[in-house]
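Q: Based on the hints, put chain B in the right spot on chain A.
Sequence lines, in order, name chains A and B. Position 132 of the first sequence, counting from 1, maps to 132 under this note's numbering, and the rest follow consecutively. Position 45 of the second sequence, counting from 1, maps to 45 under this note's numbering, and the rest follow consecutively.
Calculated directly from the structure, the hints in this document are not laboratory data. Any given hint might turn out to be false.
Because identical chains share one entry, a pair is satisfied inside a single copy or across any pair of copies.
Claimed, not checked - Calculated cross-link-like contacts (lysine-lysine; reagent style BS3-like; alpha-carbon spacing at most 30 Å):
| # | residue 1 | residue 2 |
| --- | --- | --- |
| 1 | Lys262 | Lys233 |
| 2 | Lys262 | Lys62 |
| 3 | Lys161 | Lys62 |
| 4 | Lys233 | Lys62 |
Take a look at the letters that make up each chain.
There are 2 protein chains.
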Amino acid sequence: MSDHETPMVNGVVEHKIGEEVLPFVEDEYGGVIVEMTTPTDPKFFVATLRYSFTQWRSQGKKGVWLNLPLSQVNLVEPAVKEGFRYHHAEPTYLMLVYWIPESESTIPLNASHRVRVGAVVLNHNKEEKYGMLRGSGVWKIPTGVVDEGEDIFAAAIREVKEETGIDTEFLEVLAFCQTHESFFVKSDLFFICLLRPTSFDIQKQDLEIEAAQWMPFEDSASQPITHKNELFKVIHRICSLKMEKNYTGFSKKPTTTFFDDKLGYLYLNKQDMNNPIT
Amino acid sequence: MSDHETPMVNGVVEHKIGEEVLPFVEDEYGGVIVEMTTPTDPKFFVATLRYSFTQWRSQGKKGVWLNLPLSQVNLVEPAVKEGFRYHHAEPTYLMLVYWIPESESTIPLNASHRVRVGAVVLNHNKEEKYGMLRGSGVWKIPTGVVDEGEDIFAAAIREVKEETGIDTEFLEVLAFCQTHESFFVKSDLFFICLLRPTSFDIQKQDLEIEAAQWMPFEDSASQPITHKNELFKVIHRICSLKMEKNYTGFSKKPTTTFFDDKLGYLYLNKQDMNNPIT
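One chain only, chain A, in its complex shape:
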């Protein structure tokens, strides 16, 4: 029997090292995705990987994604030595990638932005604004990070609920701000959302919050930080206009995306969208 024959043992194909292709699924861009879910000997892994590459090359495959769960950390060093590069990581796995063709890589870049929300809750009965105290004696609007898979409007509602216990309804994104190198090399997008309260009893819940209260709009606006900081000043100005119904932000509308008809939310100037075209 030559080295390249596959022996049959009791009717089961017994692959020899170097004759087995790693389990993979194809992606829609001519690449393959390998997820190593079971403990694997590094030597067996390397031999199988090399054999797999001979197959993938001959099939004209492009990008090879290699997902190594934390439990398969012993395969990280062999994978890098075989030419893989890091692509991204989450607490429980590391994703590596290898670009086969001679042509320039079209491997998409890693996620580049953190997204945060700040929630302005205006109580129209009392013309008051919701304010927060965090440690330093400064009243601030509730803010927080938007999780992966979380809608911006939902994050704003969640943050207000977490920090103060009140329920709100999303009205508009009043403005947003982009800054860079906010978190290592990552950029930051901060969405300032306007919410309407649907319950009014404040229950401070977040440990990071020292106190929470309804606060007259003019009091929160007259804090020294509002005058010092450009962004605070603009938010105050927008809120003043908003209370007089003289400012329109972007409200939300369910939509489907360009390419894959995925469901999402579009944020746009709905008031102007209702204009007749003259």
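A: Okay, now just chain B, sitting in the frame of chain A:
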């Protein structure tokens, strides 16, 4: 000489394994950041890491960030076995993290969103819209990914330049769309930008583009895809309103951020900002 004395050899302090703290800098949240820049023996690394932890624990340190460049891939497995978890990765390095206190981790989440732009270039002389052909016979607006550290408006200008060679000026974000699981678990933010051309000679540059041309607005809007896809329909409607000056998006304004006075850009309804408060 006891095991714990540090011997001097030719005036150079010679640290013994288990008596040296890894080189680190402190972060502003009570944590430390270690970057392993030089080749290190894994056994020495583990011993030094353990000794470092005794120091950091006694100093009340919280998060320990461990930056392992690709060349130090041999330290990934030992670090994970010592209890580190992946935080994020870029092609050339892997960042791991360890949370020392008993209390809940306040380690910030990894970047969660990819950001993309779509550029609508309206040529007001001819009431025409800029359109693109990509393979499939569909005319599309130029789109592309916003790089880390790149401003949204700059990305829109760059994409139009790359795909068509024309120069543009940023006017407004007309709307934006958020979708989920667009790229593995990451979410996607797509900003639809309106640009004004400042040069008009089209030079197709991007290899992915089959053709580029100025296209009458109504022709691009009458493509079947515009009618089929919700997002295309909305963009078309906004552009129609825009040509009649009946829609206001968010324009840009340099600003400084809330907490660290970092320079950034705020996108807001500038037209309404110029309203007098009644």
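Q: Work down the list of hints and note, for each, if the structure agrees.
A: Hints, one by one, checked against the model:
no., hint, in the structure
1, Lys262 to Lys233, "between (37 Å within a copy, 15 Å between copies)"
2, Lys262 to Lys62, "within (25 Å within a copy, 40 Å between copies)"
3, Lys161 to Lys62, "between (46 Å within a copy, 28 Å between copies)"
4, Lys233 to Lys62, "neither (51 Å within a copy, 34 Å between copies)"
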